[in-house]
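Participant: Following the hints, complete the assembly by docking chains B and C onto the known chain A.
Chains as they are written, first to last, in the working numbering: chain A, 1 to 338; chain B, 339 to 465; chain C, 466 to 965.
Among these hints, one or two may not hold up.
Only some residues are given here: those of chain A computed to face chain C with a beta carbon under 8 Å [said to hold, decoys possible]:
(1) F213
(2) N218
(3) G284
No lab work stands behind these hints: they were computed from the structure. Glycine included, each C-beta is placed from N, C-alpha and C at the ideal position.
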Amino acid sequence: MNGKISKKKILDFILNNAMYIIIALVVIYVAIKRPKFLGIASIVNILSLTAAKLPIALGIAGCIVLAGTDISAGRIVGLSSVVTASLLTTTSKIWPQLTDALPIPLVLLIVIAIGALIGFVNGFSVAEFSLHPYIVTLSTQLITYGIILLYMQGGTNNGMSLSGMIEPYKELITGTLFKIGTVSVPMYVLYALIFTIIMWFIWNKTVFGKNMFAVGSNPTAAEVSGVNVKKTIILVFMLAGIMYAITGFFDAARIGSATAATGQNYESDAISACVIGGVSFVGGTGKISGVLVGVLLLQVIFTGLNFLSVSANMLYIIKGLIILIACAIDMRKYLTKK
Amino acid sequence: MEDFEKKKENKESSETEVSLFSLHNIYQNIHISIKTLDLIIAFLVLALLLTLFVGIRNRGFTVDFDSMGGTDITSQKHLYGERIEYEIPLRDGYKFLGWSLNKACEIYWNEEDEITGSMKLYACWEP
Amino acid sequence: MSQNDVLLKMEHISKSFPGVKALDDVQLELKAGTVHALMGENGAGKSTLMKCLFGIYHKDEGQIFLNGEEVDFKDSKDALEHGVAMVHQELNQALKRNVMDNMWLGRFPLMDKLPIVSEKKMYEKTMTVFKDLNINVDPKTIMSQMPVSQRQMVEIAKAVSYNSKVIVFDEPTSSLTEVEVEHLFRIINDLKSRGCGIIYISHKMDEILRISDEVTIMRDGKYIATKDSKNVTMNEIIKLMVGREITNVYPPKDNVIGDKLLEVKNLSAEYSKLSDVSFDAYKGEVLGVAGLDGAGRTELLENIFGIATRRSGEIYVDGKQVMNRNSRESIRNGFAMLTEERRATGIFGVRDIQANSTVSSLRKYLKGIILDEKKMSDATQWGIDTLKTKAPSQKTQIRSLSGGNQQKVIITRWLLTEPTILLLDEPTRGIDVGAKYEIYELILKLAKEGKLVIVVSSEMPELLGICDRILVMSGGKLAGEVDAQHTSQEEIMTLAAKYV
Numbered sequence: 001m002n003g004k005i006s007k008k009k010i011l012d013f014i015l016n017n018a019m020y021i022i023i024a025l026v027v028i029y030v031a032i033k034r035p036k037f038l039g040i041a042s043i044v045n046i047l048s049l050t051a052a053k054l055p056i057a058l059g060i061a062g063c064i065v066l067a068g069t070d071i072s073a074g075r076i077v078g079l080s081s082v083v084t085a086s087l088l089t090t091t092s093k094i095w096p097q098l099t100d101a102l103p104i105p106l107v108l109l110i111v112i113a114i115g116a117l118i119g120f121v122n123g124f125s126v127a128e129f130s131l132h133p134y135i136v137t138l139s140t141q142l143i144t145y146g147i148i149l150l151y152m153q154g155g156t157n158n159g160m161s162l163s164g165m166i167e168p169y170k171e172l173i174t175g176t177l178f179k180i181g182t183v184s185v186p187m188y189v190l191y192a193l194i195f196t197i198i199m200w201f202i203w204n205k206t207v208f209g210k211n212m213f214a215v216g217s218n219p220t221a222a223e224v225s226g227v228n229v230k231k232t233i234i235l236v237f238m239l240a241g242i243m244y245a246i247t248g249f250f251d252a253a254r255i256g257s258a259t260a261a262t263g264q265n266y267e268s269d270a271i272s273a274c275v276i277g278g279v280s281f282v283g284g285t286g287k288i289s290g291v292l293v294g295v296l297l298l299q300v301i302f303t304g305l306n307f308l309s310v311s312a313n314m315l316y317i318i319k320g321l322i323i324l325i326a327c328a329i330d331m332r333k334y335l336t337k338k
Numbered sequence: 339m340e341d342f343e344k345k346k347e348n349k350e351s352s353e354t355e356v357s358l359f360s361l362h363n364i365y366q367n368i369h370i371s372i373k374t375l376d377l378i379i380a381f382l383v384l385a386l387l388l389t390l391f392v393g394i395r396n397r398g399f400t401v402d403f404d405s406m407g408g409t410d411i412t413s414q415k416h417l418y419g420e421r422i423e424y425e426i427p428l429r430d431g432y433k434f435l436g437w438s439l440n441k442a443c444e445i446y447w448n449e450e451d452e453i454t455g456s457m458k459l460y461a462c463w464e465p
Numbered sequence: 466m467s468q469n470d471v472l473l474k475m476e477h478i479s480k481s482f483p484g485v486k487a488l489d490d491v492q493l494e495l496k497a498g499t500v501h502a503l504m505g506e507n508g509a510g511k512s513t514l515m516k517c518l519f520g521i522y523h524k525d526e527g528q529i530f531l532n533g534e535e536v537d538f539k540d541s542k543d544a545l546e547h548g549v550a551m552v553h554q555e556l557n558q559a560l561k562r563n564v565m566d567n568m569w570l571g572r573f574p575l576m577d578k579l580p581i582v583s584e585k586k587m588y589e590k591t592m593t594v595f596k597d598l599n600i601n602v603d604p605k606t607i608m609s610q611m612p613v614s615q616r617q618m619v620e621i622a623k624a625v626s627y628n629s630k631v632i633v634f635d636e637p638t639s640s641l642t643e644v645e646v647e648h649l650f651r652i653i654n655d656l657k658s659r660g661c662g663i664i665y666i667s668h669k670m671d672e673i674l675r676i677s678d679e680v681t682i683m684r685d686g687k688y689i690a691t692k693d694s695k696n697v698t699m700n701e702i703i704k705l706m707v708g709r710e711i712t713n714v715y716p717p718k719d720n721v722i723g724d725k726l727l728e729v730k731n732l733s734a735e736y737s738k739l740s741d742v743s744f745d746a747y748k749g750e751v752l753g754v755a756g757l758d759g760a761g762r763t764e765l766l767e768n769i770f771g772i773a774t775r776r777s778g779e780i781y782v783d784g785k786q787v788m789n790r791n792s793r794e795s796i797r798n799g800f801a802m803l804t805e806e807r808r809a810t811g812i813f814g815v816r817d818i819q820a821n822s823t824v825s826s827l828r829k830y831l832k833g834i835i836l837d838e839k840k841m842s843d844a845t846q847w848g849i850d851t852l853k854t855k856a857p858s859q860k861t862q863i864r865s866l867s868g869g870n871q872q873k874v875i876i877t878r879w880l881l882t883e884p885t886i887l888l889l890d891e892p893t894r895g896i897d898v899g900a901k902y903e904i905y906e907l908i909l910k911l912a913k914e915g916k917l918v919i920v921v922s923s924e925m926p927e928l929l930g931i932c933d934r935i936l937v938m939s940g941g942k943l944a945g946e947v948d949a950q951h952t953s954q955e956e957i958m959t960l961a962a963k964y965v
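So here's chain A without its partners, still in its complex pose:
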């Protein structure tokens, strides 16, 4: 009897944690094959990339808590990134009339406003017209991409990639926070940490956060209980839009240039990170710490595979399978608890 139960428990454990086990196996394999993978330079690299992708994942996590999703995320990052790059340069081809770069805080506000606006459109359509977020954000994704392409044609730019941003801006984002040996940790790691803390407060310590979980868990009950469901949905999508805009603001400096393709498919990484981190598609459950762990684990596995020289084509297939497995495990957890 007991043996049977414990065997079942072990199987349950293995299946519920299949994702983590696979990641652990890959890490061990890579570490044996390429000891450099666990070197300081590589670890700092993983942490920086995690920090760069954290804001977008934090934004999308809110939409998933609402039992929705947001696939316009990557394109909003892209738009924010090209707008930033075009305004923070002394030789803007898109805005030839600009002889000097705009003030950095102003540009940040502009991109945040753009992100919030697209987020508002997403949230408003979902809340007011009861459209499925997948459909709504699919259309805003396309529209945003169109806007990016048009914007890149602006002035005399003719679709070329944007670079040559001003030094103070680059310094602000990619400057050295501190050094470990000879490896420097960039400033945006600190910013990502700050945003994570802010999001943790919003999720756990504010009326809005509690309402978000209530709406995600049972929208009808939330409406009856006096939660302004529509307002909450709109705010969640707007907050997400702002987080994407911030990701884009970082990305222009982090990558050093911005093109129409910047931000493409970012949402798929962010969504898989959330699901791996336990933000369930059931709605109403999820933790900031889970999102953090999810983004980190995903980064570890992809950096590891890069160390093994696995080609980008294979990575797409691997990413797709990871999302499927994460969802299947998420479903399993839900069904076994039911």
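Facilitator: Coordinates of chains B and C only, in the frame set by chain A:
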């Protein structure tokens, strides 16, 4: 009979009144046994491991060269951390400046740079 | 087959879930041609036992014999093929398809020569079964266009078409009107006379005593007793179910009625047939709302509370008009509303008890813009203590609690908004006897504090037991108002049928 139908209508209308957001719980209507799901997970994990295996077996990043009007240079395959075999294309009336990651020749790829992924390099020319 | 042949026998059934023994050595013996009622409080293990029968759960121990042969069904389809059928509480049907599609789903009759589904055969076969059972439904009707009662009839017909010998009814009358219940009982009696064995699960005592031949009572996952229905009284059953004697089912009424608090004038709804309802209600009063299903009782509360669209009408509290355009405004005006469908519109299943308790009163716990954890846990604890909610901790997911405890958490949610007018829609539905009594006590306590409690209920004895006055709704209109102390079920029923 008529009364029943009316009643039904009422019920439905009052339901649509309160429910605003039709997403509630995507797994709610899923009828699948845990056993089947376990099999699916096992299958997917197997598929992932297989893909990883194939990916690692066929490892290597492709480096493509666009000589921008010069003589063709064949693609190369390298592992992480290796360097490219630096070949120089020829073009009548132009001087070769180097390989760049973008067509605008803003980010030059030096001979001693380490490869960290697949990429395409563009030749930069000066008349 | 004679009356006394044992059709189905379940012996020594045990089933454990992590941390709980859901079934402990349970037995059940169903004789052919009888109705066997299965009773017990919520969580007593009735549904678990049935799930073990149908192979939805795997029993840890015990045996099941069908006609003397041991069986172990893989799933409900396997059971159905062996002649064991279940008519579910929540019907699982393809609502967009018609009746005969649903009847023959998975075994469509084919044409003689071609592998094509024969609509004609299907129609004829369906009609044969329907005629046999005296069901008056066109097999081509789309399921979603029929009332629940008729959909249930289809489900029964389906069970019969499989030649089922054992049919399990799980709370079959929970959404039926009196007339529909009569029809159902006629069909059950008919099935009985053909030698079928019926397992009948219900909370409604009077029904059980009327329809059943034997009663098996379970408590806390254990088998308690099997009694002959003819020689047992309602009180005996209750005693066995709760394991203690309940002397009077309703607590003593000692609330005092005060000044006029609420006035509703000519209330009509936009999307339901609720029309022209006017009434007054007083401080310290428990006001009942009776009526048949679909009479507009729920709609009345929804319109007062502002979660359904009002066409016309005015609401006054303490002589001042209130708009109650949405739930937020209503809460500010001192209203609270417990909804009928607890699972669908009440609980936040995956959220913990604390989140479920505090969701409507979050602003109370703000310190600046930050929520104060201490204040929230104090408020939740107050609710757990006052209502005697049985919960392992504040961090327990609400869906793991029993129905009664879930209801207590939702009541806590509303009490924390400090309401003066409570609208309770079926507050004791799906709750066991002990918890029901506690909720009655609470309603009377709130009335004693000078609050107005409006209770909608389908259980007439309940309304007569705790209310001061009862409004009777019929066909969306207010059919009349009766004094709960000087009325009878007959008077209320007559009023309820006034505009049907």
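Participant: Give a verdict on every hint.
Facilitator: Structure-based check of each hint:
no. : hint : in the structure
1   : F213 : holds, 6 Å
2   : N218 : holds, 5 Å
3   : G284 : holds, 5 Å
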